[in-house]
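From just these sequences and the hints, can you work out the full model?
Chain by chain, the residues run as shown.
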Amino acid sequence: MSTEHGHDHHPRPDSELALRARALEALLAEKGLVATDAIDAVVELYERDVGPQNGARVVAHAWTDPAYRERLLADGAKAIAELGFGGAEADTLVAVANTPTVHNVVVCTLCSCYPWPVLGLPPTWYKSPPYRARVVAEPRAVLREFGLELPDEVEIRVWDSSAEVRYLVVPMRPAGTDGLTEEALRALVTRDCMIGTAVPRAGSP
Amino acid sequence: MSAGAGPRLAEVDAALAGRSALPRDNGELVFEEPWQGRALGMGVVVLDRTGASWAEFRRHLVAAIRQRPPEPRESAATAYYAAWLDALEALLAERGLLP
Numbered sequence: 001m002s003t004e005h006g007h008d009h010h011p012r013p014d015s016e017l018a019l020r021a022r023a024l025e026a027l028l029a030e031k032g033l034v035a036t037d038a039i040d041a042v043v044e045l046y047e048r049d050v051g052p053q054n055g056a057r058v059v060a061h062a063w064t065d066p067a068y069r070e071r072l073l074a075d076g077a078k079a080i081a082e083l084g085f086g087g088a089e090a091d092t093l094v095a096v097a098n099t100p101t102v103h104n105v106v107v108c109t110l111c112s113c114y115p116w117p118v119l120g121l122p123p124t125w126y127k128s129p130p131y132r133a134r135v136v137a138e139p140r141a142v143l144r145e146f147g148l149e150l151p152d153e154v155e156i157r158v159w160d161s162s163a164e165v166r167y168l169v170v171p172m173r174p175a176g177t178d179g180l181t182e183e184a185l186r187a188l189v190t191r192d193c194m195i196g197t198a199v200p201r202a203g204s205p
Numbered sequence: 001m002s003a004g005a006g007p008r009l010a011e012v013d014a015a016l017a018g019r020s021a022l023p024r025d026n027g028e029l030v031f032e033e034p035w036q037g038r039a040l041g042m043g044v045v046v047l048d049r050t051g052a053s054w055a056e057f058r059r060h061l062v063a064a065i066r067q068r069p070p071e072p073r074e075s076a077a078t079a080y081y082a083a084w085l086d087a088l089e090a091l092l093a094e095r096g097l098l099p
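Quick mapping for you: the protein sequence lines, in order, are chains S and V.
Number 132 in the working numbering belongs to position 132 of the first sequence; there are no gaps in the numbering.
Number 73 in the working numbering belongs to position 73 of the second sequence; there are no gaps in the numbering.
Be aware that a few hints might be false.
[As the list claims (entries may be wrong)] Covered, in the sense of this in silico footprint (three residues per stretch, anywhere, with C-beta under 8 Å from a C-beta of chain S), are these stretches of chain V:
1. 29-35
2. 41-50
3. 57-65
[As the list claims (entries may be wrong)] Not everything, but these chain V residues come out facing chain S in the computed CB check (under 8 Å):
4. ALA10
5. ASP13
6. LEU16
7. ARG38
8. GLU89
9. LEU97
Hints in this document: simulated from the structure, not taken from any laboratory.
We put the CB at the ideal spot given by N, CA and C, even for glycine.
If you want it as structure tokens, here you go:
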């Protein structure tokens, strides 16, 4: 997979900065400070070690494959592992599905436990004391501040994460998306949709 | 291929939090051109190999960002990783590893 320079398929001529980066890499290799394949390994690891698009992939797959959805809701950790996601802290990932009558929202009241294998790093507000306290006490008001107005008849369930259990909200597939491919659906699933502070909209983001 | 080449991304993020944070879009790292990813990888491997701390690198990076205002039409990611190269060279020079 790695070639001599690890990136031999440039569509365009290299920019000055690209040349500079390559010159530095060559110099470091010459001094024995770095090996090209060590850099390849880091880049590959970090590109995979990413944010909410993993979760979006899980949700879009659940939207288009009812059997997968069932497996996801039955055992979240196992189901995300099917798509290649997981890791130590995903051992007990619980997926909770929104319905027309139930809306789920996730918090960690103690600290900032978060399902990072599917969502990446938590946003700052997720870690903030006001969110952690208020989403439990007055979820409807907090969601309204996020711009999410839920009808009174929708029950809001707040899930408190812990070191042992992490939650992933599976939002409802928006109306008017029947013609979309799974790949196009992924783009509708934002991080906040999977925390529960937003819902996907057709035509967003 | 070794998976042990340096720290987890989350640790790098934690070390660089604030104005030297890695450019992201909705949580994803932003690399507009391959050299930007190479620059990040080089930094990680150089720190790992030299034993330099992320705090030390961050100091160079913050200084480089400050000294290098974005050029017109230059994206945030390009400006950031240009400063990253400056910082890496400064760290190597300080340690006598580069002329």
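Hints, one by one, checked against the model:
no.: 1; hint: 29-35; in the structure: holds (count 5)
no.: 2; hint: 41-50; in the structure: holds (count 7)
no.: 3; hint: 57-65; in the structure: violated (count 0)
no.: 4; hint: ALA10; in the structure: holds, 6 Å
no.: 5; hint: ASP13; in the structure: holds, 6 Å
no.: 6; hint: LEU16; in the structure: violated, 12 Å
no.: 7; hint: ARG38; in the structure: holds, 5 Å
no.: 8; hint: GLU89; in the structure: holds, 7 Å
no.: 9; hint: LEU97; in the structure: holds, 7 Å
The structure shown violates the earlier hints numbered 3 and 6.
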